[in-house]
Every structure is written in C-alpha cells, then in structure tokens.
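Residue strings, one per chain:
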Amino acid sequence: MGAIGQPIKRKEDHRFLTGRGRYTDDIVRPNQAYAHFVRSPYAHAKINAIDTADAAEAEGVIAIYTGKDLEGIGGIPCGWQIHNKDGSPMAEPAHPALVSDKVRYVGDMVAIVVAETKVQAKAAAQLVAVDYDPIDAVGSIGAAIAEGAAQVHDDVANNRCFDWHLGEKDPVDAAFAKADHVVEMDVVNNRLIPNAMEPRAAIAEYDVSSDMTTLWTTSQNPHLIRLLLGAFVLSIPEHKLRVIAPDVGGGFGSKIYLYAEETVVTWAARKLGRAVKWTADRTEAFQADAHGRDQVGHARLALDKDGKFLGLHIKNKANMGAYLSTFAPAVPTYLHGTLFAGVYTTPAIYVEVEAVFTNTAPVDAYRGAGRPEATYQLERLVDKAADQLGIDRIEIRRKNMIQKDQFPYQTPVALEYDTGDFVACLDLALKEADWAGFEARRAEAKSRGKLRGIGCSTYLEACGIAPSALAGALGARAGLYESGSIRVHPTGSVTVFTGTHSHGQGHETAFAQLVADHFGVDVDAVDIQHGDSAQTAFGMGTYGSRSLAVGGSAIVQAADKVIAKGKKIAAHLLEASEADIEFADGKFTVKGTDREKTFGEIALAAYVPHNYPIEEVEPGLEETAFYDPKNFTFPGGCHICELEVDPETGTIEVCNIVVTDDVGRIINPMIVEGQIHGGVAQGIGQALLEGCVYDEDGQLLTGSYMNYTMPRAADLPMMKVGNHVTHCTHNPVGAKGVGEVGSIGVTPAVINAVVDALKPVGVKDIEMPATPQRVWQAIQSAQG
Amino acid sequence: MQVTMTVNNKSITRDVEPRMLLVELIRQELALTGTHVGCDTSQCGACTVMVDDKSIKSCTMLAVEADGRSVKTIESLETNGELHPMQAAFKECHGLQCGFCTPGMVMSTVDLLQNNANPSEGEIREWLEGNICRCTGYHNIVKAVQHCAGGSKGA
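Respectively, the protein sequence lines represent chains B and L. In terms of the numbering used here, the first sequence opens at residue 1156 and continues consecutively. In terms of the numbering used here, the second sequence opens at residue 34 and continues consecutively.
Derived from the structure by calculation, the hints contain no laboratory data. Quick caveat, the model's predicted, so the values are computed rather than measured. It cannot be assumed that every hint is accurate.
Cut-off 30 angstroms, straight-line C-alpha distance, at most; resulting in silico cross-link-like pairs (DSS-like, lysine-lysine) [claimed, not checked]:
{"id": "1", "chain 1": "L", "residue 1": "LYS176", "chain 2": "B", "residue 2": "LYS1164"}
{"id": "2", "chain 1": "B", "residue 1": "LYS1273", "chain 2": "B", "residue 2": "LYS1324"}
{"id": "3", "chain 1": "B", "residue 1": "LYS1586", "chain 2": "L", "residue 2": "LYS176"}
{"id": "4", "chain 1": "B", "residue 1": "LYS1273", "chain 2": "L", "residue 2": "LYS105"}
{"id": "5", "chain 1": "B", "residue 1": "LYS1605", "chain 2": "L", "residue 2": "LYS43"}
{"id": "6", "chain 1": "B", "residue 1": "LYS1539", "chain 2": "B", "residue 2": "LYS1166"}
{"id": "7", "chain 1": "L", "residue 1": "LYS43", "chain 2": "B", "residue 2": "LYS1223"}
{"id": "8", "chain 1": "L", "residue 1": "LYS105", "chain 2": "B", "residue 2": "LYS1586"}
{"id": "9", "chain 1": "B", "residue 1": "LYS1586", "chain 2": "B", "residue 2": "LYS1470"}
{"id": "10", "chain 1": "B", "residue 1": "LYS1746", "chain 2": "B", "residue 2": "LYS1470"}
{"id": "11", "chain 1": "B", "residue 1": "LYS1166", "chain 2": "B", "residue 2": "LYS1201"}
{"id": "12", "chain 1": "B", "residue 1": "LYS1539", "chain 2": "B", "residue 2": "LYS1605"}
{"id": "13", "chain 1": "B", "residue 1": "LYS1333", "chain 2": "B", "residue 2": "LYS1470"}
{"id": "14", "chain 1": "B", "residue 1": "LYS1539", "chain 2": "B", "residue 2": "LYS1559"}
{"id": "15", "chain 1": "B", "residue 1": "LYS1273", "chain 2": "L", "residue 2": "LYS43"}
{"id": "16", "chain 1": "B", "residue 1": "LYS1586", "chain 2": "B", "residue 2": "LYS1559"}
{"id": "17", "chain 1": "B", "residue 1": "LYS1875", "chain 2": "L", "residue 2": "LYS124"}
{"id": "18", "chain 1": "B", "residue 1": "LYS1539", "chain 2": "B", "residue 2": "LYS1601"}
{"id": "19", "chain 1": "B", "residue 1": "LYS1166", "chain 2": "B", "residue 2": "LYS1716"}
{"id": "20", "chain 1": "B", "residue 1": "LYS1164", "chain 2": "L", "residue 2": "LYS124"}
{"id": "21", "chain 1": "B", "residue 1": "LYS1722", "chain 2": "B", "residue 2": "LYS1742"}
{"id": "22", "chain 1": "B", "residue 1": "LYS1875", "chain 2": "B", "residue 2": "LYS1586"}
{"id": "23", "chain 1": "L", "residue 1": "LYS105", "chain 2": "B", "residue 2": "LYS1166"}
{"id": "24", "chain 1": "B", "residue 1": "LYS1875", "chain 2": "L", "residue 2": "LYS176"}
{"id": "25", "chain 1": "B", "residue 1": "LYS1164", "chain 2": "L", "residue 2": "LYS105"}
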C-alpha cells in the first residue's frame, strides 16, 4: 500500500505536544555565558565615542566588545548581485557586524556584552555609554529618493542600490500605442514583520582541543550559515565549523539569513573559549529580524477593445533597508519581475525596479518573497481594468488566461511554465464559493446595514528556484541544488539525511512517506534527519517552497541509486541477469517468475556479504544524490474572499475563504492543507491587519505585539481548501511547492473583495492594511 | 527569597530573586523547557501554564507569587505514556506545525474545556485571543478543540 497521498499523522508531533521539542534557547551548554547587544535607539547617528568602562565593572561581566575589536573580520555578505540597466553592478555597501562609524537603523548593533547570567548581561548593557550625534534619517522610500535626502551610506549616491529592468520596452510601448484602453494605478505593498513565534537565538561554543566551533542557531539553512560565516566572515574552514539548527519555531523567510548576532556570538565564543548564548526578546525581533515586502509602484495595462491584455508596464521602487540582507536584492527583481505574466497571455511586459537604502531594518524575503507583491499589483490592476471597461471580473480573467493546451508556455519575462490548468482552478473555486449566488447574499447583508463584497484573485508563482546555472546567471552567488542521502541499515530500516530544514513543514513525516513508498517499507521504518551540518553532506535549506520539489527530488534520486545497487545484489542472489530484475512493492523479482528477495533481505546481504557479488559491488547500502532543478516549479490557482464591512465602524468580517491550488503531486494532504491555512492567514494579515510603521525620523512605531497587529483566532474564518493537481513535469516527485501559495494568492482577493464591498458607496481603491480606520475614512471621503 | 510550590505534582523549593518571573523559574531553574517565551509584552501566550488549575501566562507572574501554589506545565499532561485528550486532538487534527506556540495553546484550551465543555467556534476563537500562532491560521487548532470537546462528551 503506497504511503503517498495519505494524511498520515505527523511523526514530529509527539515531542512538540509533550514539551520535548528542543529549540535553541532550550539548549544549555556547560559553563555557558550570556550575551546582550547594545543597539542604537537612533535611526541615523554618528558615533563619537563608546565608553564601556562602567559596564565592564558591573557584576558578572566577562567581556564587552565593540566594532573596533572585530576589525579584520569580514562584514555580513550579500548572496545575490543585481546589475543595473547599464550593466554595472548594484551598490553593495559594507555591513559590519558591529558598527563603529555610524548607526543606520534603530536596532543597529554597536557592542556585545557577555556576562555570567542573562540578567547581568542586560543590566550591564544599559551602562555602555554611546555618544551619538543624530543626523537626519530617511525612514521611507519617498524620503530616500527626495532631493537633498540624507545619505545612508557615504559611498552610495542618492541612496540607490540598483536600477534594474526585465523584459523589452519597445514591444510594450508599441502595445500602448495601439491600445484601445489603458488602465493604470499606484500600488503600495505594505511592509511586514515576519514574527515567527520563536525569537532568533544562537549558542556558540569553541573546543580548543579539536579546534572545533559549534553554533546552534535558529536557521532555515544551517549549511548556508556555515558557508557564509566560515568562508566569508570568520575564516573558519568547514571541517572546523559545525552549524546545528535544532527544532526551529517557524521561519517564514526571516531565519534564512546570516545575521550579525550569530556572527558576533560565534566570534566571542572563540575569543573567550567558552559557550556564549544569545536569545532575542520580541522587541529585538521587531527591530532587527529582516522585514518583508515594502514596495511602491505604478502599473499600466494596455488592452484592446474586447479587454484582451496587450502590454504591461511596471515601474516600482523597493526598500532594501539600511544594509543588504542575504537574498534581499533577488526579492524585488527575479522573484518579482518574472511573475508579471501571471496566468495570462499578455504578450509584452516590461518591468523596472529601483531599489533604495533607508534608515530602517534590512528587508528580505518573507513568505512569498516578491511573488505576493507582483500578484497583488497584477490582480488589483485586472479588477480595475474590468471595472473601467465594464467587463465582468471573471470574464476578463478567463479571456486572457493561458489555456491547458498552451504548455509549455514561454512568458515575455523569462519563465517557461511547464504545466497548469488555470481555468479548472478558477471554475472549481467559483463553484465552491457559490460566486453565482453572491448578489443575493449582498442584498441580504444590505438589509442588515452591512456592505458585503466578494473578490477573486488568480495567481501563478515560481518556486523551487532554479537550475543553479540560471540562478548564477541571474546573480545568485550560490547554487540552488539540494542533497539527499539514504542509509539503509542491515535489517532494512532507513535513515534519510536531507539538506532541507523543517521548521513546521512536517518533513519528518512527508519525506518518510516519500521514501517508504519508494522502497515499499513502513513509514515508521524511515527516519528523517536534518539540520546538522555534521550529519548531512551539504544542503541549501528550506525557503521558496523548495523542500519537496528540490530536496524531495534529491532523496528520490538517492533512492533510485539504492534500488539500482539492490538489483545487482538481487541478481547475484537470485542467479539471474541484472536486466531481468524488477523492483516493486518492496520486492526484487526475477521478471516473469515468483523468485524474489525482499528489500530487507537485500539490505542484510549488503552488510553481511557472505554470498555477494563482491567483485562488482561494494558492501553496504548507502547512497547520496545532489539534485539540481531543471526549471522553476509553477504552482498556481484561484483564491476567493467574501467579507462584510460595517460602514458605521469600518470593521471587516471575513466571511468565507475559498482557495483552489495546484501545488503539484501531494504527498500528505493533511500537511498540504495546513501549509495553505497558514499562508492564507498571513495573506489576510497583510491585507487587513499587519503593517510595519516607521515615522519620518526612522523610529519604529510598531515595535511590539501591542501595536503590530498579528492575526488572532477571532480575525480569521474557517477556510475551504481545494486542489486541482497537475504534476510538475521536470522533477521526479512531480511536486510544485505549497509553502507560499496561501500568502501569494489570497491578499489581492481580500482587497478586491473590500473594494467590491465599498463600490456602492463610491470607494475605488484602498491601501493595505485595510484597517477599520482606513475603511471608515475611505467611506467618509468618498461620500464627501 | 525562598519559594516552595508544587510543580507537576512534585514539591520544589528554590531561592529566587524577587524579580524572577515564574516562566524563568520553570525554564531555567527546573529545566522544564516545554514552556516557551515568545514575547516580552504578555501577548503571545506561548508561556501559558496552569496555576491552581487555571491557565495563566507564566511571564505575567513572579515566581514568588507562585509560592505555596500548584503549577502544571505541558510536561504534566501525558499520563502513563498516554497523551492527554487535548494533546491527542491537536495531533489528530494537525493543530500544530512548528510546535512553538503549541504548549501554550494546549494548556489554554484544556482550561477552556474545564470552563465550557462544549464551546462554539466563536467561543473557541475568542478564548484564544491571548495565544498567537503564526503557522496554522488557527483553522486546525479550532478543529482540534472541537474534536476534543466532541470526544469528551460521552465521558
């Protein structure tokens, strides 16, 4: 019985449910010291002097280090290089782990205090006297590009990081020249703070005898951290640096990057020769975790008289924050500009993106990363086009959709989609949402004094980034393959080592299903190991919905190698030709006979090779594979939101969420649904609740859960999740990816529903998050 | 200051700083790391435990305030290797992903059912106002509580 497609309960749950999870802060190392960082209260200030004398005298203090002590070690590197329109490389200013010259955002780090206890470290940090000379700050994209704006980095003119483009301009200009209609709008994509529930943490330890440094850290990709920290910053060779990401309490992108904190903690542990631990409090997470989104832009769509899309021109600006985080430059460019075809046949697309530095926390990938921004811009524009041309919102989408028989489909913005069935997803979602019956519900709501609206969004996203060669050509400074190793034990049980990392995604269960199905063994006979650079050969980690599509493919490739070796052993034992051996349902069989050996018997023979083709095959049964993707994968679908606005208060109640997604082959439908629920919640959060606010001076106004609105249970409805699956054609699993679809598809559906609800009172657009205050004000302004 | 209390049915005595929070006592002194800290403003609920059988955020209470009282953490729920019905319901309904908010969610919802054996969806959502989850969208947490309530009806 195949394990694939079964809603098997998760193997990891027992430890999490009984308090046996082992997160970084739960780990206690012998004689560990505690670190606390001195952070800037100013967004932009020159550092005149740092006086640590009083702090050094404080009880329990072991050491205090400032940027001067770290001179000679590398800065925090950026993993992606974008080129400007003229071919020159982006501006890439230094990102010191501890700053000495000037601070560039609230939360920028100037010193580390190491003490015997956490309380002592924190208390002593208050005694570090930093003489700041505040200077004008640029707290937003608008401020950064204004005439005479303060410069975040002295060596970056006009605060401009890069000025990038994609697609061809001439065909787009030609499309607009012949268009019957032009629809355009400004779109703001609100800045978000990721807020994984486990704050970031790090413990570093140095063993002088073995010269081994070990770092436990809250990471989505421990090998990448080892590579960046060892090779680029601290000059520790890989075999002397072990990075472990144990249980990690959510990531959503924010735990991909190499941060200054774990860098300094590791450096300090080596310097002091004892373990040093740092755990962020939530305030630090708000200030210094990489934030998400934060783009402003203008979109123009050219249409013919029938509503067919002729051309699309996108001109955006993106906020990089104060420094370039690990993948930051990729987000508003190749993870964003490439998405503007969406599910549509728009023949000409040109995207221009200017990225700027500001005195705010670094901005990088947050669940969806570039794709939610593109989808939001496109799907708001399509709704506006329908309204302006007087065409039904669904009809205009249908009219422009890529049809099932058009795959593979080459877009004008670099991607070649392999499969999909967008019309089927749309139809299924419309049916589940009873779109046809909506007007009756609107009328009923009106009788209760409520404004009811419905909104739809289609989406297509690209994940499982890429072939490595293509990623390299686009600016990636790393490969984007994945590794998988399979160790079959003598009695046929299996340990799998994956370079991906599970921080909620359920790999320990889903990957076990994948392998169990492949070998015809019980799911409980397969164990998945991840998160330790000393165990797994190498790995690029988990982000961009890549784990199953890329990591799972590496595992399948390794499993195929195991079977290939098993066939040689079986051929010997069954005295048959290797070509005649078949493997299915856990048995090696001589074709057309009942002569067979079980998977377990072959494993035992491999480890007890008494009767064995020893001249031909080595003993043991363990294989490793590295899988490099042949293309991106392309999940797609349709999300629908129905909601009610109370015009008296501006409050919104989300009444119904229907999503239909094509995530490719599904291994565990229970986990897939859970991933979609979580993504949808974050997507609704962006649309209605969440917004990071810096004031003009660069002060973070939303610095805690008291003033940054996280989605709570009462803010969300039950969700109807459906699937219409087409398999990915170019990876051996057939999976496309599910981690991000929820946060990509639903946000524009929610805002389209808000605008639909407010249409009768004259509101044409609303900015995210559509808070009660914003909605109420929009209604008042529209009604003059 | 010396405090004595019952933690997971065992009596413990410790010398603590007056400013030590109950959650710090639980995690640092008693090494019961199932209780988590997710914020510094008593909003997230990851540190929820039972004090005298009532759920409370252990970051809102000083260790000295728990003197003489009975504290129960997530580690106490499993009995003889059997999950508590609420733990089992979370597993059955996939009410957890990364697991970080989970101990707080379980402790909080166990208390909910003590107060209201058969809560409506709205009552469950309202009760969870003080527990933040970033992974599940609460959908399967609500289902888990409903599942547990339904399952315990006959008992």
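### Task
Determine which of the earlier numbered hints do not hold for this structure and return their numbers in increasing order.
Result: hints 2, 5, 6, 7, 8, 9, 10, 11 break, sorted rising.
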